[in-house]
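Whenever a hint applies, use it, and build me the whole structure from the sequences.
There are 2 protein chains.
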Amino acid sequence: MRLTSKYFPVLNWARDYDSEKFGDDFLAAVIVMVMLIPQSLAYALIAGLPPEMGLYASVGPLIAYSIFGTSRTLSVGPVAVVSLMTAAALSKVTQPESADYITAAIALAFLSGLFLLMLGVFKLGFLANFLSHPVVNGFITASALIIALTQLPQLLGLSVSGHNLLALLPQLRYSFTLDRDQLNLATILIGFATIGYLIWARLWMKAMLQKFGLSERLSNILARISPIFAVVLSSVVAFYLDLGSADVLLVGQVPVGMPGLTIPRFSLELWLGLITSAVFISTIGFVESISVAQGLAAKNRERVDPSQELIALGTANLSASVTGGFPVAGGFSRSVVNFDAGAATPAAGFFAALLIAMATYLFMPALAYLPKATLAATIVVAVWSLIDFSIVKEAWKYSKADFLCVITTISLTLLVGVEIGVASGVLLSVLMQLVKTSKPHIAVVGRVSGTEHFRNINRHQVLTSPGIMSLRIDESLYFSNSRYLEDFVYQALAGNKELKHVVLMCNAVNEIDMSAVESLLAINENLRDAGIQFHLSEIKGPVMDKLEKTQLLEKLSGNIYMSQHQAIEDLA
Amino acid sequence: MRLTSKYFPVLNWARDYDSEKFGDDFLAAVIVMVMLIPQSLAYALIAGLPPEMGLYASVGPLIAYSIFGTSRTLSVGPVAVVSLMTAAALSKVTQPESADYITAAIALAFLSGLFLLMLGVFKLGFLANFLSHPVVNGFITASALIIALTQLPQLLGLSVSGHNLLALLPQLRYSFTLDRDQLNLATILIGFATIGYLIWARLWMKAMLQKFGLSERLSNILARISPIFAVVLSSVVAFYLDLGSADVLLVGQVPVGMPGLTIPRFSLELWLGLITSAVFISTIGFVESISVAQGLAAKNRERVDPSQELIALGTANLSASVTGGFPVAGGFSRSVVNFDAGAATPAAGFFAALLIAMATYLFMPALAYLPKATLAATIVVAVWSLIDFSIVKEAWKYSKADFLCVITTISLTLLVGVEIGVASGVLLSVLMQLVKTSKPHIAVVGRVSGTEHFRNINRHQVLTSPGIMSLRIDESLYFSNSRYLEDFVYQALAGNKELKHVVLMCNAVNEIDMSAVESLLAINENLRDAGIQFHLSEIKGPVMDKLEKTQLLEKLSGNIYMSQHQAIEDLA
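For the protein sequence lines, the chains are A and B, in the order given.
Residue 0 is where the first sequence starts when you use numbering that gives the first Met the number 0, and the numbers rise one by one after that.
Residue 0 is where the second sequence starts when you use numbering that gives the first Met the number 0, and the numbers rise one by one after that.
Heads up, none of these hints are tricks.
No copy labels: a pair is met if it fits in one copy or bridges any two.
Once the Cα atoms are required to be at most 20 Å apart in a straight line, the calculated DMTMM-like pairs of lysine to aspartate or glutamate come out as: (1) 539 x 473; (2) 499 x 524; (3) 499 x 568; (4) 298 x 524; (5) 499 x 528; (6) 554 x 524; (7) 392 x 547; (8) 298 x 528; (9) 539 x 451; (10) 496 x 524; (11) 91 x 268; (12) 435 x 473; (13) 399 x 387; (14) 554 x 544; (15) 496 x 301; (16) 399 x 544; (17) 539 x 553; (18) 396 x 547; (19) 499 x 569; (20) 5 x 304; (21) 499 x 301; (22) 5 x 15; (23) 435 x 544; (24) 392 x 553.
Note that these hints are calculated values from the structure, not bench results.
None of the values given here were measured: they were computed from a predicted structure.
This is the structure in structure tokens:
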């Protein structure tokens, strides 16, 4: 019973669902639906897929998440960065705009879902923690920049392909050297008018609506869903002015309604070509989703369960694959709208899914007149806020290691591609952490007069006894730093003929691994041969428990002391 | 001036070199020479090279090391494990017993030397620390087992190829199913008689010689150089009984004297094929050498400089490549002999090199009669002591993570090959360390009555104040654990409606990286939105210095306290 409600959080909240919650949820669902429609269409374009697939990818995942998700407000569906990664992954195995491309997108959603589900079931979510903050932020900034650049030519009525700067720049250069008669003025007008409107909406719409007497909450929500007005208006204009005949690219006829259930194609070759990408996409998608979900939950003193979130996102992606969609994740802006609109339970997502499914029946014919430039403008404004190079400056100020990670991630993502960018960032941050712990701070310490405190002899006026050397290491002892400790000890004793005792203070040692035990044994043996006793002090309980399983305590030439003070008292 | 003597340690000791030191060094050199000759010949065979190359590979490196090395007693030259790795590397790019094979061996020594030199000049020696103790020991045990297995058929007069169990086992099986008339009885007799003699020498020779009245030191040295007697005796027997005509495989005619200077062939294709192997070989060689050198130096309260050792080993390998040798490293047994024989300065190595060079002129003709089975027997007995599976049991007892690393290294080295074995071991140990630090110990703490100490509320009887939660984290804050901390905090506050203050005790935090700062900022913001103040206490000095470069201190909703006690006093 408890296990069922753990894996099906829906059972926890559905029991006391009432009409008041229904009211809140339904209102939030309507607002999210209105916001999701233009976003979903646009993000499908980023992925290089037909726009209606964005809607398909919103329905199944929202339903799955409402059953398995632990966040009240996380809203899953197509998101910008994951869509870019999808485009990059698909272009490796197939040609854009082919039927295989769609098949591959569905397979990619399936594999991502499977991978997330596996991580969730085996509780391996902590692996996503290896995506450090500088890497994730650098990656998002670089991806957003690439997305914006792919959309600029679309605003001029051109199309581009490529998922890194080297591929894009020549095409951009071409775009901006066209003669006036090669450009489509109507497209340019629609595109830049939409951008102007969206920027205005983002910066001033809320304040203006409040000035007109609307409540703050309503003004806020209207400002957030502002893209829908651009979609409606530009479609109406395109219809009445017959812009399709004036060579303005429109979305065009799309099938009405939801597709039947799609079954992901099983092809070992296709799967092998996509599996690495699926791992990258689902990890990035998870990191983004969990940050959003945790942040929103904490504001209400609630919590989300990371392992269950993996399961929920996994099933969301599996659902996307059976409803003809592509990889999805929790989106930041739509989740905030859902939160602000007052969603009371995950049912809000369920209702939003039903509304979008209905919309595919009612509004699909209207999409025929939607200019693609409107969607491109929506994308540019949406991703523009993700581009934030301040992380580079902050990292530079904070630490050179973090700076190196962020600059590597950004440049490789821009120049080579999204997957290489993320992978190099992760590898580099892992290497940097290891390098940091490999050179721990070790100090020769002495007693502060009149106290039982011991401090670095190079920084403080302290008392030392001839013949006794006290060392303090400010780090756990691992293979990566144990030889450094050996080297430090041997260096400290070289040439010191009076030395009789070395005491290692272990008060900052939270863990000792097997390599470190061997190093301590080697130090003990070599000191013994040199006529020096080796002592340990202030070992923490759990570390002592582990040392008792080794030969160290029995072979130790010196003693174990509870405190450094006691050690010095005894040896002096 | 000081810089010259740093990079040329020879300048430090050559200045006050005297006849007494010369006497000590020369005696040690004679003993080492006698020990090195059979070892060098045998280890060349492990590498699949003509035995005389073992002697060539001893001369140049010993001279180079005597100029650049910082250890008084480290003796460099061919060593068993590095020779096996050399054989595995060469067989990837060329055929054994071809002229290209020798060219490739020389190129491999050159590349290894270059790589070590680079590590030394850029002070990157700490990278070798990532070879953890379980990985190195597991690797040596597995390699030694493979070496022993390759030699067994040689004892029967057969030859084998292959550098992993899967390749060797079918050949071994074949060896032991031969009919009696396919075997060469004389070879078998020589091989097993040598093995018997060497085992006896190792276990009982020293005691017996002492019983006959020889001094302990002399008995010890004679026991260590016992293989030379087997080499001499079996050559003499082979000569007088004309065993060559009886189908006993002999070393045969080898060129007299040292070869002229060899110039490593520059071929991009060859270099690319060998560079990865050169990295593995030099790293393993360095780890082995530095352990031996540090251990022996510490016994005399001396110290070796790891960066300079890299330079010394680098030039040793470069010298090996110009004197027609193959990759070398510091050997354990010969260095111990050098130490025991009383080598006073690195000049001992220099003299040993001259003696070996002379030996190539004087004794090469005698090698014609040396049975290969004698060398195979020498190898088997020498590597047998390296096979030590107790590391597996120890690791199992000590920690499952270390066990996983050692068992992976051993099995992959045995089944797949030396390079895959080491690489997987390193990757796995790095991953394990990250996994460990990714789930740090975090405790909710309370004050021990009547003291200013704070302890885990689950383990101790402590006082807590309603509305205040104190958390202590026993690990530095890194990207790999910062989200874990976030999750812990949100979980701890979920549903707690009275909570007004969260205080994070940072007394065990030695470092905070940028991701962790972001997590603290996120915690701060989300707690503030939930109406909770976030405080920090007991931050170490260097950590505080770094935090001052961030927005955290200015955005923090609560305070920074010097001590947890002060925090509780103030907030209660």
